[in-house]
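Colleague: Protein sequences appear in the order of chains A and B.
All residue numbers in the first sequence are consecutive under our numbering, ending with 278.
All residue numbers in the second sequence are consecutive under our numbering, ending with 548.
Treat the hints as calculated values from the structure; they're not laboratory data.
Hints should not be assumed to be uniformly reliable.
Claimed, not checked - Here are some chain B residues pointing at chain A (derived, C-beta under 10 Å):
hint, residue
1, Glu149
2, Arg150
3, Ala166
4, Ala167
5, Gly170
6, Leu172
7, Leu175
8, Ala178
9, His181
10, Ile197
11, Ile222
12, Thr333
13, Gly341
14, Thr345
15, Asp374
16, Gly390
Said to hold, decoys possible - Distance windows between CB atoms, simulated:
hint, chain 1, residue 1, chain 2, residue 2, range
17, B, Val391, A, His91, 42 to 52 Å
18, A, Pro87, B, Ile316, 49 to 59 Å
19, B, Ala275, A, Glu194, 44 to 54 Å
20, B, Arg144, A, Gly252, 45 to 55 Å
21, A, His184, B, Gln161, 24 to 34 Å
22, A, Gln39, B, Gln91, 36 to 46 Å
23, B, Gln161, A, Pro87, 23 to 33 Å
24, B, Asp506, A, Ala38, 49 to 59 Å
Unchecked claim - Here are some chain B residues the structure puts well away from chain A; computed CB gaps all over 12 Å:
hint, residue
25, Pro39
26, Thr235
27, Gln302
28, Gln318
29, Glu325
30, Asp448
31, Val537
We put the CB at the ideal spot given by N, CA and C, even for glycine.
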Amino acid sequence: MPIVLSLTQRDDALWALGPEGLYEYSDGELAPLPQPDAQPACCLSVGDRLLVGGATHGVAYAGSDGAWQASWMDGVQASVVCMAADPDQAHSGVVLAGSSGGGILRTTNRGRHWSVCNFGLFNFDVLCMAWAPIQPAGQWPPLQAVFAGTEGGVYRSPNGGRGWKQSAGLNAPVISLAVAPDFHGGGAVLAGTEGAGLWRSEDGGFTFAAVPGAPEVVNALAAWDGGWLLSDAEGIWRSDDGAIWSRLDGIGPAFTLFPTPDGLLAGGMDGVFWVDKR
Amino acid sequence: MTRSHPVTRPSVAFQPETRNHFYAGIIAVADMLATTLGPTGGPVLSYDTTRKKVEAIDDAATVLRRMISLGRPDLDIGAMLVRGMVWQLEQRIGDGGTAAVLLMRALVEEGMRQITAGTNAMRLVEGIRQGAELAHATLREQARKVTGERGLATVARTVMQDDDLAAVLGELSYLLGADGHLQVESYVAPYLERQYIGGAHYGAKIASMYFYSEPERQRAVISSPAVAVLDKGVTEAEQAVALLEATVKAGRKTLLVIAPDFSGPGLNLLVANHAQPEEKRKVAVLAVTLSAVGDERRLALQDLALMTGGVILGDIGQHQARSAEAEDLGRATRAEFADKGLVLTMDSSRRAQVQEQIAELSNRLAGMAHDDEDRPVLTRRLAALSGGIGVLKIGAHHPPARELRRAQAERAWKVLSAVQRGGVVAGGGAALLHCQPAVLDAASRTADPDIALGMRVLAAALAAPQRQILENATVSAPAVYIERLLDGGAGAAYDVFAGRVVDAYDHGLLDAADVVAAILRSAVSGATMTLSTDAIVYHRKPQQSLTP
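Let the hints inform the model, and build the full structure from the sequences given.
Modeller: Spelled out as structure tokens, the structure:
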């Protein structure tokens, strides 16, 4: 089974992507698909489009006809390594892409044209991104919070990626991020690092503090089923509150954790597998 | 209290007329402005006789700007003192004019009463000053830091009654920081728009249209360029060859050249090199000329050299462009030319050196007079070095509404900068009131009775802005609420709309601590000058200032 780094879903269709290519996941099997890039790094489904970020083309997108087209990348030649869609992308069309060396790009037309949005960013090696849920109606001032994990820590944007400010407390490379579903009601933000452990923010992402006792390497993070999941190099861990973690027996490590309506899908060294609720 | 009588000019007024003259002018202005204080205060109507137009104004600085004389020299002396004080406050921090005038009126009123009763004026003034120092320290103790966009937007909302504008300003202030550069523009559309221009932004002209990488958009972008900063023009082929060779030696594939002008064989060679097919071309070039001239350009070149880690080639530096080496060139992450501007994204490895320069320029800015002509240049330099500027485009359905919104935005921006530096305190005059116990306590421990009396005069006056807000809200017993506020401690404030005492931080009734401190300082300065002046000389043709 191929290595899987990224997962995405549209209705009943699921796609998995790894260094060996793009696949459609169905009935536990991975079927290879025509791929737009020799070294794809991430995939994302937005509306009727499938976006793939990689080393040579920045981002490529395929519509319902399946034909791949290269996006306009605003002169950025750096490899796109992660993408995250605005939870309200059906209306806004906004998606963010993080690149290795070129900072963050933002599209408002679901991936056709990207513009550099590096205001306030001082580290251009972006490794992961995560959006906060849509703000409940009636709250003031309006907030479209989104987080970017970089080689130099976490950056927070209050306005959907137009401008960024570094969060305090965490200066290690951040490779995974997750935001609580009740973020606007005081929910936490978790940041996973490669060797510096797990970090947690309880003030909306302004400051992070280390979580004692959590694994040192946090490759993947997800808020799921009223709690949290993380994956280190050995396996998957679960926590109800983000503070106390326990290992799930018999489950191998993952590079990506993807909550779906049917359960949590994980991608790792041996392809794709489901994580049960327990 | 003795009211002032008209004076003839020229003449000299002595005590007690001096104080009466000051007092009459201060009263005339303060009575007019008092009605505008707080959320229930109404505007002042100003009739423009030239344009035959009535204008509704709700801030003290604009009201007083419309007024250059009260028509009587004896009234003008106090009124113009107030006008100058309010305008300085407006320039410095953008808010607090009316509160300062009311505090000053209360100090002068009570101070005059005590002096008339036989207190030594100079000792009384000294007591007021000592009390003010103490109140100032108490204000600093009350202040709480505000960091997020929500807190900043909440403070902006206290300066204006415009939720949309306050929210956008809170976000801009959070992202730009205390010394951030905000460009406020009028917008034709009836809504607000904001834009963040990341990187160092300089007005510039492209040397040739052949350098556009996207000619249809009139835009050029190069990634990871070597950067050549020149203080002399590129005119000779040798200069261009040396720069291109140095770029190749530096291991770069793109070159940004910034020079005062490009012409002749130097420009031709750069264009010919750039116009080669992409597969053959070793170095892609972007050549630009900065729009700034004179000292501003010299300083911009120095900043660019610092940001990129290169040297200035030409007369200022040690090397000429024709002998440029790889180590003379700087480097950047990205350079973009569009809309008559160059945006340079700095390499993160240069951040530490640039931070030192930012700290030095910020210190210089803090010590600079607010009307200093070098101030805008310094602000632009700081914006470029610190990574970008914000642009706020203000629209409204009618031009007057747009201009009012724009003025409010500019005022609130100054307040938000003050909030980021000094934090916030309970709003609506409550913070000054909460300094009262500390000043009274110090007065009770002071041996000199006149100095102790000065402190008590100040303590009593500290309640004046809060009392006026209660009166404007038609509260039937202001004294009762003032007692409740004092009982509530430093976080208590009066919510005019709810009609009760609340926690200021929970309810967002906040003022910038720096603004309140400046109000206190200005009012005490004006009042002590009024109380300690012994003679006024009225000239036949007094010099009139139209500024502001």
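Colleague: Confirm or reject each hint.
Modeller: To see whether the hints hold, each was checked on the structure:
Hint status for B:Glu149 relative to chain A: holds, with the closest Cβ pair at about 5 Å, below 10 Å. At about 6 Å, the closest approach between the beta carbon of B:Arg150 and any beta carbon in chain A falls short of 10 Å, and the interface hint on this residue holds. For B:Ala166, the shortest C-beta to C-beta distance to chain A is roughly 7 Å, which falls under 10 Å, so the interface hint holds. Interface hint status for B:Ala167: upheld, as the beta-carbon distance to the closest one in chain A is roughly 3 Å, under 10 Å.
At its closest, the beta carbon of B:Gly170 sits 6 Å from a beta carbon of chain A; the interface hint therefore holds under the 10 Å criterion. Annotation: B:Leu172 was flagged as interfacial toward chain A, and the flag holds, the nearest CB pair being 8 Å apart, inside 10 Å. A hinted interface residue such as B:Leu175 counts as satisfied when its beta carbon comes closer than 10 Å to some beta carbon of chain A; here the least separation is about 4 Å, so the hint holds. Annotation: interface hint on B:Ala178 violated; nearest CB of chain A at approximately 13 Å, more than 10 Å.
Taking 10 Å as the C-beta cut-off, the interface hint given for B:His181 is violated, the closest approach to chain A being about 12 Å. Annotation: interface hint on B:Ile197 holds; nearest CB of chain A at approximately 7 Å, less than 10 Å. Hint status for B:Ile222: holds, given a least beta-carbon distance of 7 Å to chain A, under 10 Å. Interface restraint check: B:Thr333 against chain A, minimum CB-CB distance 6 Å, threshold 10 Å, status holds.
This hint is violated: B:Gly341 has a C-beta 15 Å from the nearest C-beta of chain A, more than the 10 Å allowed. With a cut of 10 Å, the hint placing B:Thr345 at the interface with chain A holds, because the nearest CB-to-CB distance is about 6 Å. At a threshold of 10 Å, the smallest CB-CB gap from B:Asp374 to chain A is about 26 Å, leaving the interface hint violated. The interface hint given for B:Gly390 is met, as the beta carbon of that residue sits about 8 Å from the closest beta carbon of chain A, less than 10 Å.
Hint check: B:Val391 to A:His91, Cβ distance near 25 Å, so the stated range 42 to 52 Å is violated. With their beta carbons about 53 Å apart, A:Pro87 and B:Ile316 fall inside the hinted range of 49 to 59 Å. The hinted range of 44 to 54 Å is satisfied by B:Ala275 and A:Glu194, whose Cβ atoms lie roughly 45 Å apart. Taken as a hint, the range 45 to 55 Å holds for the pair B:Arg144 and A:Gly252, whose Cβ atoms sit roughly 49 Å apart.
A hinted range of 24 to 34 Å holds for the C-beta pair A:His184 and B:Gln161, which are about 25 Å apart. The beta-carbon spacing between A:Gln39 and B:Gln91, approximately 57 Å, falls outside the hinted interval of 36 to 46 Å. Range check, B:Gln161 to A:Pro87: about 32 Å between beta-carbon atoms, so the 23 to 33 Å window is met. Here the CB-CB span from B:Asp506 to A:Ala38 is close to 57 Å, well matched to the stated 49 to 59 Å.
Against chain A, the non-interface label of B:Pro39 holds: every CB pair exceeds 12 Å, the least being about 17 Å. With a cut of 12 Å on Cβ distances, B:Thr235 stays outside the contact zone with chain A, its closest approach being about 29 Å. For B:Gln302, the condition that its CB be more than 12 Å from all CB atoms of chain A holds, with the nearest at approximately 21 Å. At the 12 Å boundary, the C-beta of B:Gln318 stays outside the reach of chain A, the nearest C-beta of that chain being 30 Å off.
With a cut of 12 Å on Cβ distances, B:Glu325 stays outside the contact zone with chain A, its closest approach being about 26 Å. Against chain A, the non-interface label of B:Asp448 holds: every CB pair exceeds 12 Å, the least being about 48 Å. Every Cβ of chain A is farther than 12 Å from the Cβ of B:Val537; the closest lies at roughly 54 Å, confirming the non-interface assignment.
Checked against the numbered hints listed earlier, the structure breaks hints 8, 9, 13, 15, 17, 22; every other hint is satisfied.
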